[in-house]
Structure formats: C-alpha cells, structure tokens
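Asker: Produce the entire structure from the sequences given, and follow the hints as far as they go.
Chains A and B are the protein sequences, given in the same order. If you're matching positions, the first sequence starts at 1 in UniProt numbering and goes up one per residue. If you're matching positions, the second sequence starts at 1 in UniProt numbering and goes up one per residue.
Hint data in this document are derived by calculation from the structure and do not stem from the laboratory. Nothing here was measured: the structure is a model prediction, and the numbers come from that model. Incorrect hints may have been included.
Stated by the list, open to error - Chain B stretches covered by chain A per the calculated footprint, using a threshold of three residues with CB under 8 Å from any CB of chain A:
id : stretch
1  : 733–744
2  : 751–759
What the hints assert, rightly or not - The following label-pair restraints were derived from C-beta to C-beta distances:
id : chain 1 : residue 1 : chain 2 : residue 2 : range
3  : A       : Leu28     : B       : Arg735    : 18 to 28 Å
4  : A       : Asp36     : B       : Gln598    : 20 to 30 Å
5  : A       : Pro108    : B       : Phe62     : 44 to 54 Å
6  : B       : Ala570    : A       : Leu18     : 48 to 58 Å
7  : A       : Ser9      : B       : Val633    : 25 to 35 Å
8  : A       : Leu28     : B       : Lys617    : 39 to 49 Å
9  : A       : Ile67     : B       : His160    : 46 to 56 Å
10 : B       : Leu574    : A       : Phe97     : 36 to 46 Å
11 : A       : Phe29     : B       : Arg735    : 20 to 30 Å
C-beta: ideal position from N, C-alpha, C; glycine also.
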Amino acid sequence: MTPRFNMRSLILNTGATLLLPLLILFSLFLLLRGHDEPGGGFIGGLVAAAAIALKLFAEDYRAARTILRVHPLQLVGVGLVLAAGASLPAILVGENFFTAQWWTLDLPIFGSLKLSTPLIFDIGVYLGVIGTVLTVVFTLAEAEHS
Amino acid sequence: MVMIAVLSCFVVAGFAPWLHRLIGRQTGWLLALLPATIFVYFASLIPQISSGETLRHAYQWFPGMAIQFSFLVDGLSLLFALLISGIGFFILAYAGRYLEGHPALGRFFLFLLGFMGSMLGLVLSDNLISLFVFWELTTVSSFMLIGFNHEDADSRKKAHQGLMVTVFGGLALMTGFIMLGMAAGSFELSEILAGPSLTEHSLYLPMLSLILLGAFTKSAQTPFHFWLPNAMAAPTPVSAYLHSATMVKAGIYLLARLNPTLGGSSSWLLTLTFIGALTMLTGIILASRATGIKKVLAYSTVMALGTLTMLLGLGTEKAALAAVTFLLAHALYKGALFMIAGILDHEAGVKDFRDVAGLRRLMPKTTIAAVVAALSLAGVIPLFGFVGKELLLEAVLSGSRWQVGLTIATVTANIFVVLVAALLALKPWFGKTLATPKAAHDPGPALLAGPVVLASLGLLCGVLPFLPDQYLLQAAASAVYGQPVSYSLVLWHGINLPLMLSLGSLALGLLLYRFWQGWREHTVLLERLSPYGPENGYNRLMQGLVSFSAWQTKTLQNGYLRHYLITTLATVVLLVGWAVLRLDTIALNVDFSGLRLQEITVVLLLLVTTLAAVTVKSFLAAVALLGALGFGVALIYVFFSAVDVGITQVLVETITVLLLVLVLYRLPEFRKLSSGVNRARDATIALLSGGLITVLILLVTNARSMEGISGFFLEKSVSEGFGRNVVNVILVDFRALDTLGEIFVLALVAIGVYAMMHLRTGALPVTNADKRYAGQKQRKSSAKTGGES
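Answerer: Structure, rendered in structure tokens:
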C-alpha cells in the first residue's frame, strides 16, 4: 500500500511535527481574538484543517486520522449543535431568538473574562469548518490510499 | 381540556412501542383506556352542547400570523369526537388481539394513536391552519397504516396511491383555506361561520373548487374513489377505523362544517348533489360485483360517502338532519361489519364471499352481530339504519330541484345496498357449511366487543330514536344547517312514499341477492370499462411523471460538470441579462482616477495569469496558475482593508491546492477532447458571464438608491456587538442566522462528498459505532448458525 504520491521527506516530516502544535495553537488564537482583530471561527478552522492536512502529506492518512482521534463528520455534527444551540439562551431569558448574550466572569488573577453566545457560535463554525474540510481531504486521501 | 385530549394521543403514541414491549399481550386493552377516557370527557359535555352552547378554547401558536391552536366544540365536532374516541376504544382492543404476535405491533399502536390524535384535532380545530395541519397528519398516518406491511410491494404501492391522491387534494385545500380566510377576514371557523355567507364573494368559485377538491379526494368521491378500496391493503382494524368510520369522513366533516358559509349557491348544490349521486351509484354497483368481503364493504363505504355528499349538497333542514343521522348509523354498522370481516379472516381464514357459508353454528355470537349490523345497513325497521334511510328519502323527495332524478338514483342505490346487506347477513352464516382454512369459532372479547356493542347501539338508537336525536343529532344538524333545526327523529312515520320506496327496494334487493351470481355474470361487461377508469388515469399520470423526471435528469443532470456549468451560467446570463437590458438607462460610470500603482500592477498580473491558466498544457501548471490568481485576488482585498476576507481567500486557496494535489494523479492525461466549436461556445459563455458580472457591479455601485447598510454595522459593531472586527461581528452576531445556514450547507457538502466516494468505492464503515454494529451483527449471525447446528 505505497501511496502513489511519494512525498516523504525528512524535512517535511520534521517540520510538520514541529509545526502542528504551533499551527493548532495559532488557529485557536485566531478563533479567540476574532471578535476584535482579524480572525474568527472560519479562518481559525481553515488553519487547523490545513495543519492536520499537513500531517497527512508529511506522513500518511493513518497518522492524520490518529491525530484527529474522532471522525471529522462528528466534528461537523458537534459544530452544528453548538452553533444552533447558541441561538437558544436568548429564548430562555425572554429575548428574541439568536439575540447575543454576554456574560462577564471576574477571575482573580487573569482579570475579567468575556463569554458570549457569539463565541459559542464561532466555536461551532470553527469545528464545522475543520470537520468539513477534513472530511473532504480524508475521503480523497482514503480513495488514494486504497 | 380539549387540547389535552388531542395532545395526549400523540404523547401516548410516542410511548406505545415501549409499553407494548413491557406489557405484551394486553397492551391493546391498556391503550384503549385513553380513547375511553376521552370518550367519557366528551360525553360529559353532551348536556351543555345539546342545550345549544358551544365551547371554544384557544392557545397561542404563532400569534403574529393569526395561527393558533383553537378548539371548537359544537354539535358537529362533538358527534365526530365521540365517534372517533368511542370506535377508537374498540379498535385498539381489537387490534391488540388481531395483530397479536406481529413483530411491528408496537409501531402499529404508535401510528393508530397518532392517527386518532390527528383526527380529533381535525374535527375539533377552530383555526383553519391548525385544521389543515391535522388534516395532513391524518394523511400521513393513514399512509403509514395502509403501508403497514411495507415489505409487500403491493401494499407499498397502494399506500403510495392513497397518499398521492389525498396529498394532491390537501394542497388544493390549503390554497382554498387561505382564500377562505382572506375572504372572511378571519382564520377562525367560529368567526367565519358567524359572519355572512360568502357565496357572493369574488373569490367564491376558486375557493369552493379548491376546498371541494380537498374534501372529495379525502372522502373518495368519484373520480377519486379508487384509492379507498385499494387502501384495504391495510390490516382490518385500520380499514374499520380509518376507511369506514373516521378518516374518509373528514371530507364530509369539512363540507358539513362549511355548509353555512359556502353552501346554498347553485354551484354548491349542483356539484355536491351530482358528484355525490354519481359516487353513490358507482360505489354501490362496484360493491354488488365485488366478491372480497373487505372490497364489498369498501365500495359500500364509497356509496355512503357519496350519499352524505349528496345530502350536504341539498342543504335543506331535513337534509342536514338526514346527513348526521345517516353518518352516525353508517359509522355504527360499518364499523361493526368491518370488524366482523376481520373476524372471518382471523378465526376462519376466509376473505371472499364465494368461499364461505353456513358458519352460524360455529360462530353464533358473530352471526348475530353480523345480522343485526347488516339489517341496519339494509335499513330494516326497527334499526337505526331504517331511521336514516327514511330521512334520506324524505330529504331527497322534498329537495328543491331534480327530485325525480335524485330519487331514482337513491332508490336504485338502495336496492343494491339491500343486496350487499343480504350478502353480509346471509352468505357467510346460512346454508350448507363450507370447509374453512382454519377451524372457525367465535373469537374472544377483544375482537367481539366492537361488533357486538356497535350493532347493539344500532338497534338501541333505532328503537329509541329520541336518545341520539335529543342528545347529539339535533345539535349536530343545527351546526350543519347554520340555525336550529326543528325536525326530530321518529321511528315510525306512518305509511308514506318513503316507506313504500323502502319496502320496494328491500324486495328487489332480496330478489337480486337470489340471483347474485347471475347478476355478476351478466354485468361482466362493466369490467371492460375498467381500463378507462380513473385509476388507470392515475397510473398513467404517475408513469408520465416518472418518465418526465428521467428525461429531465438525463438532460440537465447528465454527470458532466461542464454541462452543469453551462446550464447554470447560461441561465444566469439570460435571466440577469434580460433584466439588465430592460433597465431604462444603463449608466456605466467608470472612473480610473485615484488608482494606485500597486493596484494596477496586481490587476495586470491577474490578467496575465488568467490568460496563462486557460492556455497552458498541463494540469499542474493550471493548478499553480489558478492558485496565483487566488492570491492576487486576496491582495486586492488587503488593499481595500478587508483583511479577514483576504486571509480567508489565502487559506481557501491553500486548501484548494491541497485538494487538487490529492486528485491530480487520478485525473486523465491532459488531452484535447473538445472540438473547436465547443471551445468557442464555452469561451462565449465564459466571457458573457464575466462581462455581465462586471456590468452588474458597475451598475450597482453607481445606482445606490438607499444608504448602504455598512454604516450601520460600523457604527453598532462595538456598541452593540462588543467587537472591533466588524466582519466577524457581522458573521457571528448581526447575521448569525445566515452563517448558521451556510455551515449547514458546508455540512451537507461534507456528507455528500463522503457518501459519494463511499458509495462509489463501496468502502467499509469507518466510525467506531459502525464497527461495533458490524461486530454485533457478525456475532448475532454466528450465534444463529450455532443454534441451528
């Protein structure tokens, strides 16, 4: 079962291993700062998906699947549930469907933490994008693999 | 309370499969407690309703759209609610025993209770929209019940037929309802009925035809009658419940309900009496020729539905009373007779009149119930059917128009009804005993309770007609007629014309029964007509639909990506281009001042890359050039300080390249496959669509008639969205619903790609759950083989 595109190179392999955690961290950074600076769930999701796709190219399909642990379609499902769920808190407090809710938590050392339904929504988008891109990538890679 | 009565059916329906698994054999009786309770509740309303009051309960649903769950209890809906819950009680008990041991009995209870809730909701709804929702729910649950034996292709086909016909009518009905609501200025039946008659309204004819279409398809009026006998593919409890006593009467209910508002015009009179009489004759003549027990009953139900429609068409005071009386009488005897047909099948294994005779000694109790019910069907004194038939004849005779024609039709129908009744009362029970596939015997109480009680009620109501009259039918007839009726039911009207006609038809019917075989042989010619019947038309229509879809799929979705692109782009170019050309002035204001050097450079680069991308001779080069193109576009976004969009563009390009790398090796060699003409056509379409989009953008930027919305977003982003990145605030807050829709589309794409590739390669399941499931199945099958060996 040798992949037809034999791209194994030591440089890429080492680079991917080092870059993967950084890229994932970067994608989270992009996700969290998105509300104020360029970034957000969509962009963060694309970066994370590209990072895992890099693993796929540097090693193989199986390694990339192992890194992700779950099936990418499950990520899509969780993402959709989070995003759709973010519409509900507003109803509970009697406001219109999908009205953004903000909660500020005061933490002793870190200062105050802003939590909100838009953030939950954005995390949903983030997971949905990772899941979609990786489903497509993995499906194609799998076809190549077999 | 009314709301609870309706909703409890759905709630209990949801638990029915579990209950059945827990309790097993007696689930039918247990579940029957629900309709029994509902029956008692509605019975407790009788004194109030029969004194002329009506009850109304409303619960908000969509307050902004005047849609609410509102329920109206008056004479008519009370009569129906009592029939639905009362007969429902016996049906549930009956079904528990009739289908005992069936692997899907739990599911059957679910559908049956769901149907009961829908039907109760339908007859009790005061709001047209919620009535329509319940109407469609009865269609869906009926589909599930007709196709209950879904492994049988024939059963599926018949369920499908019933669904198509009634859904078609349902669509028409919805449009009719909307017109009715608009014309009357309210969607509440109680307000519509209290308002003026709408027969003079300009929308009257379209509204009437659409509503009639809905009612006629549901109540199996000619030419839509064919689905009802086919629906007999359902298990017998379903036939007894849905297709004789309740669902098919939904159309009748609707006509009766709307009679005060829509009735009385000559188009109402003409359509209803004509179609009704036609259905009555069609149904009963087909019944006289059929031999399957359930078929005969089904066709005679068609006849009854036709009779009811005809009576509602006449619309006189007497006709209204006759209609509700006939309806009650019919529900009692037909429910009983259907259950008896099921008993014959279940306890003796016979389904056809030709295979059965002389069972009276083996099944004495069933025989008595059958004879009493059939006598009521034949309209023999002193049964309730007699009262109904006398009133029917009186109503027809005193009708304002076409008395002679309608009387002849009714009497003819009655002669055949007597034949059918004689078949049911005599053929299986008397004469020389024929051997049956199963050893025939009387069934237990679960199966026998329904027929016995319903048949006895038919006798009781006949002997004491003032009971149903005073407590139910007066109020029901008043609701149909629109004002209090002054007639009352009596058993003996004296010797008059209706009695004479009744006696005559009785004698002729019995004579006909004597020569039943001969009648069937002599009318064999009728069978030659069946290829021209409406069922054939239906089949042709369905085949036409299928071949049309096949044709349009082959033409529009032929699997060539290029053709899809051509179709999509050409459509856009034609439609948008047409709209642009229709504009009065096309002011293209191109202003090149203020261009910066870097912008000019990037645009020139883009142009060169594009030209190169369409002319290079290798995939790899084309992919790289397309990537370059994308990065160039991203640069332009950055120039206009849309950083987010630029980043996204760059990332999307990156991932596109990754995807292309994955498929690159799969693509065929780069070859020239298309002819020059094709290329010229493709180039033309590409240039046209590109040009059109350019023109469109120039037009839009010049012709902004209102202030853009971007100002609002910029202003409110920090103050209300609490975010400085406007793009992100728009995506996750201001227009979050759009984004939600988009990620659902993304998810669909992912599932589509996944399914397509796995269907193509037939790959094994990949999720852990799938693996576990596959493992279980394997263990199960190996355990099975182990047990067998």
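Asker: State for each hint whether it applies.
Answerer: Quick rundown of the hints versus the structure:
1. With 7 residues carrying a beta carbon less than 8 Å from a beta carbon of chain A, the stretch 733–744 of chain B meets the three-residue requirement, and the given coverage holds.
2. Counting residues of the stretch 751–759 of chain B whose beta carbon lies closer than 8 Å to any beta carbon of chain A gives 5, which meets the minimum of three for the stated coverage.
3. The hinted window of 18 to 28 Å between Leu28(A) and Arg735(B) holds, with their beta carbons roughly 24 Å apart.
4. Between Asp36(A) and Gln598(B) the C-beta distance comes to about 28 Å, which sits within the given range of 20 to 30 Å.
5. Between Pro108(A) and Phe62(B) the beta carbon distance is about 48 Å. The supplied range of 44 to 54 Å therefore holds.
6. Distance hint for Ala570(B) and Leu18(A): a CB-CB separation of about 50 Å, consistent with the stated range 48 to 58 Å.
7. Remark: the range hint 25 to 35 Å for Ser9(A) to Val633(B) is upheld by a beta-carbon distance near 31 Å.
8. Taking 39 to 49 Å as the suggested C-beta distance range, the pair Leu28(A) and Lys617(B) conforms, at roughly 43 Å.
9. For Ile67(A) and His160(B), the hinted distance range of 46 to 56 Å is satisfied, since their beta carbons lie about 48 Å from each other.
10. About 38 Å separates the C-beta atoms of Leu574(B) and Phe97(A), a value consistent with the hinted range of 36 to 46 Å.
11. In this structure the supplied range 20 to 30 Å holds for Phe29(A) paired with Arg735(B), their Cβ-Cβ distance being about 24 Å.
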